[in-house]
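K.L.:
Construct the entire structure; sequences and hints are all you get.
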Amino acid sequence: MIYRVNRFLYLGFLNLWRHRLRSTLTVLGIVFGVCSVIAMLAIGEGASYEALEAIEKLGSQNIIIRSVTPPKGESVSSEEARMLEYGLTYKDAKQIRTTVPDVEVVVPSRTIRSNLTHRRKRVDGNVIGVVPWYPLVSNQQILEGRFFTERETDDHRNVCVLSSSLAKRLFPTKSPVGKVVKVKTDYYTVVGVLEGAGLNTNLSGEASDLNLFIPLTAARSRFGDVIFTPRSGTFSIEKVELHQLIVKVKTIEAVIPTADIITTILGKAHKQQDYEVIVPWERLLTAQRTERIFNIVLGSIAAISLLVGGIGIMNIMLASVTERTREIGVRRALGAKKRDIVYQFLTETVILSGSGGVLGLLLGVTIPFLITYFAEMTTIIRMWTLALAFGISLITGIVFGMYPAFRAATMDPIEALRHE
Amino acid sequence: MAIVEISDLFKEYQLGDHAVQVLKGLNIAFEEGEYIAIMGPSGSGKSTLLNILGCLDKPTSGHYLLGGTDVSTMSDTELSEIRCNQIGFVFQSFNLLPELSVLENIQVPLFYQGATQRESYDRSSHLAEMVGLGHRKQHRSTELSGGERQRVAIARSMANDPVIILADEPTGNLDSKSGTEILAILDDLREMGKTLIMVTHNDEVAARTDRTIRLLDGKMVSNGARKLGKQS
Numbered sequence: 001m002i003y004r005v006n007r008f009l010y011l012g013f014l015n016l017w018r019h020r021l022r023s024t025l026t027v028l029g030i031v032f033g034v035c036s037v038i039a040m041l042a043i044g045e046g047a048s049y050e051a052l053e054a055i056e057k058l059g060s061q062n063i064i065i066r067s068v069t070p071p072k073g074e075s076v077s078s079e080e081a082r083m084l085e086y087g088l089t090y091k092d093a094k095q096i097r098t099t100v101p102d103v104e105v106v107v108p109s110r111t112i113r114s115n116l117t118h119r120r121k122r123v124d125g126n127v128i129g130v131v132p133w134y135p136l137v138s139n140q141q142i143l144e145g146r147f148f149t150e151r152e153t154d155d156h157r158n159v160c161v162l163s164s165s166l167a168k169r170l171f172p173t174k175s176p177v178g179k180v181v182k183v184k185t186d187y188y189t190v191v192g193v194l195e196g197a198g199l200n201t202n203l204s205g206e207a208s209d210l211n212l213f214i215p216l217t218a219a220r221s222r223f224g225d226v227i228f229t230p231r232s233g234t235f236s237i238e239k240v241e242l243h244q245l246i247v248k249v250k251t252i253e254a255v256i257p258t259a260d261i262i263t264t265i266l267g268k269a270h271k272q273q274d275y276e277v278i279v280p281w282e283r284l285l286t287a288q289r290t291e292r293i294f295n296i297v298l299g300s301i302a303a304i305s306l307l308v309g310g311i312g313i314m315n316i317m318l319a320s321v322t323e324r325t326r327e328i329g330v331r332r333a334l335g336a337k338k339r340d341i342v343y344q345f346l347t348e349t350v351i352l353s354g355s356g357g358v359l360g361l362l363l364g365v366t367i368p369f370l371i372t373y374f375a376e377m378t379t380i381i382r383m384w385t386l387a388l389a390f391g392i393s394l395i396t397g398i399v400f401g402m403y404p405a406f407r408a409a410t411m412d413p414i415e416a417l418r419h420e
Numbered sequence: 001m002a003i004v005e006i007s008d009l010f011k012e013y014q015l016g017d018h019a020v021q022v023l024k025g026l027n028i029a030f031e032e033g034e035y036i037a038i039m040g041p042s043g044s045g046k047s048t049l050l051n052i053l054g055c056l057d058k059p060t061s062g063h064y065l066l067g068g069t070d071v072s073t074m075s076d077t078e079l080s081e082i083r084c085n086q087i088g089f090v091f092q093s094f095n096l097l098p099e100l101s102v103l104e105n106i107q108v109p110l111f112y113q114g115a116t117q118r119e120s121y122d123r124s125s126h127l128a129e130m131v132g133l134g135h136r137k138q139h140r141s142t143e144l145s146g147g148e149r150q151r152v153a154i155a156r157s158m159a160n161d162p163v164i165i166l167a168d169e170p171t172g173n174l175d176s177k178s179g180t181e182i183l184a185i186l187d188d189l190r191e192m193g194k195t196l197i198m199v200t201h202n203d204e205v206a207a208r209t210d211r212t213i214r215l216l217d218g219k220m221v222s223n224g225a226r227k228l229g230k231q232s
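In the order they appear, the protein sequences are chains D and W. Going by the working numbering, the first residue of the first sequence is number 1, and it counts up by one from there. Going by the working numbering, the first residue of the second sequence is number 1, and it counts up by one from there.
Read the hints as simulated data drawn from the structure, not as lab findings. Glycine included, every Cβ here is placed at the ideal spot set by N, Cα and C. Among the clues, some could well be false.
[As the list claims (entries may be wrong)] Per the computed footprint, the stretches of chain D lying under chain W, defined by three or more beta-carbons under 8 Å from a beta-carbon of chain W, are:
#: 1; segment: 1–8
#: 2; segment: 14–23
#: 3; segment: 84–93
#: 4; segment: 359–366
P.N.:
In structure tokens:
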């Protein structure tokens, strides 16, 4: 049995080797087919992974409500900037916490841009006032020390937690825990370092990751609700109580209904559209749908190129069968059954498509790597795409080799022997 | 018992809307070990007869018993089995497979018989030596002369230890010297007790056989006088 298989393989290789150029060109069709299946799926997978990752970071059980500058109703009358009052309020936070069912926690936060200094090091970053349970909602690990406690919040204590990149900038060589950071005129004692930047990351990507977390109560008593921002020649005054509310919902199923309720409540409480509700879970679903469509489109393009490769194989095998009519006649006369002839030709197509599959696999793994290296695009090669592409190449070989093989087998041996 | 027994054998081909009768009721029997020549002008049906004897073609009616078994109604696969195990072919144009070596060519029938690699090697070496090509076993058939190629073909026809060997003008494409060598090898096969059936145009060649069957227009005109004392 093994000898027979080997023998068929030997004959197949012998014949393909005799027509090296032709075999190589035929194989190329499959190589590019397989390679494009793998590369395209890797690019698609990578692109959607980046999007999904960004959304997933926000937490699929979270609803994020952000204060936004309302669209200007009437132009500002005087040159002097008028105080702009907008955004989420402590009242909103309380109302959501007490009236909306399925809410697990509400995390209000305030962000103030400011200089942060330690000794002579000075960094332009964000001071974010939050509540002690903030890390639970943002899914951030505490790298060092601890987050501040409820007690410290109640006492309006000047303690702070640094985002990891801020810690690296202000304290490049030593541990920041126990040290102080100066913000405006106040000093804050560092109690811990958080992994990553936190949930204040804007989806538009403009937010900085240099964040200093302090108790919300402290933020309110040190900075007040009014923010002065110097502008060219003038300055703007904004009164914003809270910049962001993160609402963590008990179950994933309740996320979308809860978001609807919150939108309704805020709609009644606010006269103008000075907030936006972001539902990561909803965005995730949309992104996944997009990913699926993307994959289907890329997959079909790749499948078509494999199809073209398959047709190439069939074309060459038909030519080969015609050329070898005499050989087929001789083999039939010497005792080959139709089945033996089918095997002989199918072996050749499987060798062609199989080696095309292997080469395509190698190339298909290399190309995403090069794309990542040169274009700095995320590409992800999943094992199933390799199996899929290789499997399809083999099946293509068998399917498209079938007809030429049967044509060879069903030849009349007498006619075949007479063939010149 | 006759090794080959043909009775009332008819063969017709459909050409357009009318049938052409090529063989018109042949009755022939060959004994085991006989060396027979089939002669006749072109169109007399000798090639068709040889194809039917070789189980490449089936008669339209009549019976063909090979070794006592009726093969005239067998399926394509069954006929392949018969060719594989009981028949050896020698062609006018050798019909070796050009990409294979001498040994590999001899091994082709053995492969379809399902021989192991060992058996196959031993048998093909033995046969190559028998036809005097022991020194050229690994050569491609394209590197051989016509006479050598036909010797390989004869070795190949012997590979499956056939009941009958069919030769279609085996010397037709050879010069007289090589032709004589080939005929000598065929004589050897006859000495070994093989049943040989040869189609030829050449009276000298036919003269070396035990008897000559003459066909004309699909009918047998001469059963051939038995030159050797094998009268039954």
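K.L.:
Now look at each hint and say whether the structure bears it out.
P.N.:
To see whether the hints hold, each was checked on the structure:
1. A stretch counts as covered by a chain when three or more of its residues have a beta carbon under 8 Å from one of that chain; for the segment 1–8 of chain D and chain W the count is 3, and the coverage holds.
2. For the segment 14–23 of chain D, the stated coverage by chain W holds: 3 residues have a C-beta nearer than 8 Å to a C-beta of that chain, and at least 3 were required.
3. Check on the segment 84–93 of chain D: 0 of its residues sit with their Cβ under 8 Å from a Cβ of chain W, so the three-residue criterion for coverage is violated.
4. Three residues within the 8 Å Cβ limit are the bar, and the segment 359–366 of chain D against chain W gives 0, so the coverage statement is violated.
Going down the numbered hints, you'll see the structure goes against 3 and 4, while the others check out.
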